[in-house]
Every structure is written in C-alpha cells, then in structure tokens.
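> Residue numbers (our numbering), protein chains in the order written: chain A, 1 to 398; chain B, 1 to 297.
No lab work stands behind these hints, which were simulated from the structure alone. Bear in mind that the values here come from a model prediction, so they are computed numbers and not experimental data. Where a beta carbon is used, it is the ideal one built from N, C-alpha and C, also for glycine. Keep in mind that the hints are not guaranteed to be accurate.
[Unchecked claim] Which stretches of chain B does chain A cover? Using the computed rule of at least three CB atoms under 8 Å from a CB of chain A, they are:
hint: 1; region: 42–48
hint: 2; region: 61–67
hint: 3; region: 252–263
hint: 4; region: 268–274
hint: 5; region: 283–297
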Amino acid sequence: MAGPAILPSRGLQALVDALLARGYRVLGPQVRDGAVVLADLTDIDALPLGVGDEQAPGHYRLREGGAERAFGFAATAQSPKSVLFPPDELLWRGRRTDDGFSVEPASPADDPDHRPVAILGARGCDVAAIAVQDRVLLGREHVDAHYAARRAGAFLVAVTCSDPAGTCFCASVGTGPRPRAGSDLVLTELADPHRYLVEAGTPAGQALLGALDTTPATPDDLAAADELVADATARMGRTMRTDDLPELLNASAESPRWAAIAERCLACTNCTAVCPTCFCTGVQDVGDLTGALDERHRVWDSCFSQPYSYIHGGAVRTWTASRYRQWLTHKLATWTEQFGTSGCVGCGRCITWCPAGIDLTAEVATIRELAEAHDAVAAGAPGGAPTDGGAPTPGGLR
Amino acid sequence: MTAPLLDRTGTAAAARDHAHRDAASDPMLPRPFRVISRHLDTRDTVTLGLEPLDGVPLAFAAGQFTMLLAFGVGEVPISISGDPTGPGPLLHTIRDVGSVTHALVGAVPGTVMGVRGPYGTGWEVRSGRGGDVVVVAGGIGLAPLRPALLELAHERAAYGRVVLLYGARSPEDVLFAEDLARWAARHRITVEVTVDYGPPDWTGRVGLVTDLVPRAGFDPGHALALVCGPEVMMRAVATALVARGVAPERVRLSMERNMQCGVGLCGHCQLRELFLCLDGPVLGYDRLGPLMDIREL
C-alpha cells in the first residue's frame, strides 16, 4: 500500500467528483439553519469555509473560524448515524388479501436516493461510533439487514479534528482527534499552503487515492499533521476517566446523584437522538383508512420516554432518575458487558444539545466522588462526604 | 440490495456478507399463520390455535415466546402455551389487556395473523430429571408454564415429586381447569390452587400463592423450581423457595419487559446487561435476584 500523499487544496473537488463518478451519493458538512450538518455535496465551495463552532453545555453557536479551513469546526451537529441508521426506516409493506394478508419487505430502492453513501468529514468520534454500531447491529446473533445494506455500500472519508469544541473529550476515550482505523481515507487539513494529507485505510481507499493527482507526503507534512493533532488534543474541552466505569456505575445504582440529576433532566430525549451510538428503536404500524394497507416502520426510540418501558400495568421506569440511570449506566458500563466496547465515543453531543446543560463527564465525576466518600465512611475513615447530594444511602431512589 | 462498487475489506465485507445472508431471512418479517381454533378460557382469556400457511411447523422449546401480529393493529410478545413434545397447532393463551391483545383475543377462526419467532430461552425442564419439580404460577403466568407441565407429564417417570402451585384472582379466572384435573389424576402432579377472592360457594384456598411454598411437598435440596407471574409475586416466591433451601440457580423465573423486535436489536427489554428477549425471558434467580432488588432498574 502506498504511503501518505498530499492532495492540493482544489484536489478535494477531484476526490468528490471521483466518488460521484463511481455512483456514490456524497454527503459533507455544510451550514444549515445555524449549524454544521451533513448534506448532499457536489461542490467543495459548499463546505463551511472559514466557519467554526462554539459548544458548551446546552450551547451551540457558529463563529468565524480559520479563514482557509473547510473543516475548522468540531463534529457535525448530527452524526452519520442519521445516514446509516435513519430515524425512520420502512421495514415492510403489508396488504390485506382475500386469504389474509401479504407482506413485502422494504428494499434499498424504497429510499428516494438509494445510491451508496460516501461520508466526507467524519471525525474520529464518528468513525469510532460507526465501529460501535457495527458491533451492535452486525456483530451479534441477529443482524439489522437495513443497516447492513447501507453500511456495506458506504465509503468513509474521515477528517482529523483540528478544532475540538468545549464539550469534546475524544482524547480521554481514545477515539480522536486523529481518526482510528475504520475509514477508507483519512484527510488532515494543513495550512500554508492549504493542502490535505491523505492516508488510505482500506484497499478501496487506496484505489480511489491512486486515481487522484497527488504527490508523496514529505516528513514536514507528517510533522505538521502530528503538530495539529497534539495541539487539538491539548485543547480538548473536557476529560473523562473511563477505566473504572463499569464497576463504579453498577455499584452506584442506588446513588442519590440520580435523583439530583433528575431535578434538571427534562427527559426530552435530545441526548439519545444526537448520540452517535444510541440504537434503540420502536416499531410503528401505519395503516390507511380502509385498513387494507399497513406499513411497518422502525423509528428511533429513547430510554428517556416513559412508554419505552411500558408493559401491561404501567411503565417499568416511571421516574426520570431511573431513566437517566438506565441511559448513563448502559452507555458507560453495561455496554461493555454486552458488546465488548464502551458506548461513549467522547463526541460531547449529549452535553451540547441538552437543554438543561447536563454534562455526563461532570456527573460521572460526582458519582465517583460520592462513591469514594461512601466507601471512606464505610471504612470508618475521617473526613466528610461531598455536600452536593450528600452521602449515598441505600435506596437512594426510593 | 446495493452491490458494493469497490472491493471491501474488514467490517464492511462482513456487513456485506451479513446483508446477503439476511436478505432472505430478515427477522422482522412476519410469517402468516391462520387461526384454526379459538377457545374461551375465562371471561378475558382466549387460547388460539394457529397453523402456518406455508405448512412448515414452528418448533419451540417450553418457555419460548413469539411476536404475534394483528394485521393493521400491532404486534406483541406472547408465550407459547402448547405442547412442545408433539405435533399440533401453535397455541397461544392471550389475556385481553390492551389494544393489540384485544384484537388477537377477538380473532375468529380463519383470521390470518403474523408470527415471528420463536424467541428467547426456555425452562429447560429436563435439567430437573431425577429430582422434584415445583411449578409456581400466578394468573396468566400459567400459560407459559403449560408447555413445561406437558413436558413433565410426558416423561413423568423421569422426575420425582411434581407440584403445581397456582394462584388466580378468583375461581372463574382459573385457567386450564381440565388440564389441572388431568395432571392430578393421570400424571401424579400435586395441584394446589389458591384465589385472591373466593365467592361463598368456593371451598378451596384463598390467599397468596407465596403462602403455599413453605408447606408444599418437595425436597428443596433436589428440586427445580419454575416460576411465572407478576414480578412482585415472582420475587416473593423466589425468596420463599430460597428460604426453604432451593439453590437460587435452580429457581427459574420468566421475566416480562417491553419487547418490540424479539431479537436483541430494539433495546426495550434490557435489564442491566441482559437483553431479556435473547438472554431471557427464562433466567435463574441467582442472576435475576440482585437486579430485581433495585427499584425500576
């Protein structure tokens, strides 16, 4: 496999053109309604040139970024999840017949645009999140056939993150800012002169790279990329300790912190919608007025909604505290037991898009402090428990 | 199916292989079955007999469930209540508690409904051979236990004492009365029924099924216990069984949670690390007990 190459600034258009010529629907970051989102891309002038973003708990604003940069912002507001695992998926169409009913499975042709997708600009967190979804939706006893079909056709062009946001912590969880393996091509945007360092991650990426007009990268180019990664790592807005999470959270099921979080949590489901790994879905039957036709749809669902846990007699998780506990414990602890990987990739979207500004990195730290204080009290050590929430007591949820 | 345009490696290649393999067997596609019998068990509970339109019978293990589709209304998980040891229609015993179950209960013979499955773990009745078996049911919880009781009756000599403790709301809510009489008379199964509310002419027991556990005739050191009913009842029964000396891993419960896919993909049925549609619904109390102790987990 050939080594890293340099693609000149305008060469990015040739990359997009090559993908389009090979039959891909190319999606790239663009400004829509005051946010950077993935949208159909044919012309690289539509990229958010000179646009940066400012993110904090419950806060997202665009700002002026580096003048020459096309990727001078953190991850897109919505992740590639909405492309590979859309919020509403038709599973089958049923028709009432004289003899009962017949069912016809949905096919890729049911999408208005069913070309395979090429995603340009996925960040390290996004690439890691796709790897997580691959495990959840493809790597188990039963496979999600719709995700499998989309994923099999997809081409990923990742871009090293140069401008992490205030809510980012990919460096803590090891998913960025340089994208891990898993994408077909990885671009790193370099300045003076504006150019892209391109590295192929798969034979498919190598084949496409070979078709582009590039020059071999020099040690100076590689050093510039390393410097950019080091600089981005140093500017990461948040950190999260992860080594003790499964044990900590499973042991903290009765922590009083859940009730304290629930005083702020609106159970609005924003966090699960923007999370690039949340995979829960519900089914909806959509019929026509005659009752002759029935479409089964699979739609994103959220463990924050009360009907999510409904069984005859009522919901299992009636309290917001129980639902937040389910989400956080699943994401950071039981996910590892179920899938051999954490469900968190450090993108920070759940923090940015929480209308109450709840920050999971801060909540994890508080839960850890409370657990340590509780252990210290149990061991008879002197010293007080943190005042925020008080010492844990059995039955903190009751 | 979209054919990949470029050579793929790694996970994408695996994804493509999965996609091809599963195009013909998408677990979300229902198989049409026709209702061939409808038996009114109680005022609100019906047992439906179903036959596959494609003629391929649905093999299952006692304790498994299917996703039953009332076309145009919706789909719900329902335990199989028929005989796992022989041929015959696929039986489901359904209580009318919601919009989908109302449509299912009202289905007349000839109606076609959708079936996916069978899914989940079974009771593994045979692991109780050579010892006593105590079966504890609450309400409609007797339905998923009926295949286990039929299996026990079928190979009755392989087991020691077999005891069924069954709690119903009232005498007119008692399910499978003919089965209960036959199991007692022909298969040496001790059947003890208790009700929450008994009319003046009721001469049987009144009270909680949990109260029958301490006095039931079985050897706890060599017993397998199978329990199904409301969660609060199962927890009390499991506690009583363990208190009598049954090992927690020999106490099996069938758990209920919201289930929309049946194959571990929709997420609704999670209980901490468990997907109850795949890892359950039947699990040992050694695994379930600590989880059931935490409220709203």
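> Each hint: holds or not?
Here is how each hint holds up against the structure:
Coverage of the region 42–48 of chain B by chain A is violated in this model, with 0 residues showing a Cβ closer than 8 Å to a Cβ of that chain against a need of three. Under the rule that three or more residues need a Cβ within less than 8 Å of chain A, the assignment of the region 61–67 of chain B is violated, with 0 such residues. Here the region 252–263 of chain B counts 6 residues with a CB under 8 Å from a CB of chain A, which clears the bar of 3, and the coverage holds. Given as covered by chain A, the region 268–274 of chain B passes the check, having 4 residues with a CB less than 8 Å from a CB of that chain where 3 are the minimum.
For the region 283–297 of chain B, the stated coverage by chain A holds: 4 residues have a C-beta nearer than 8 Å to a C-beta of that chain, and at least 3 were required.
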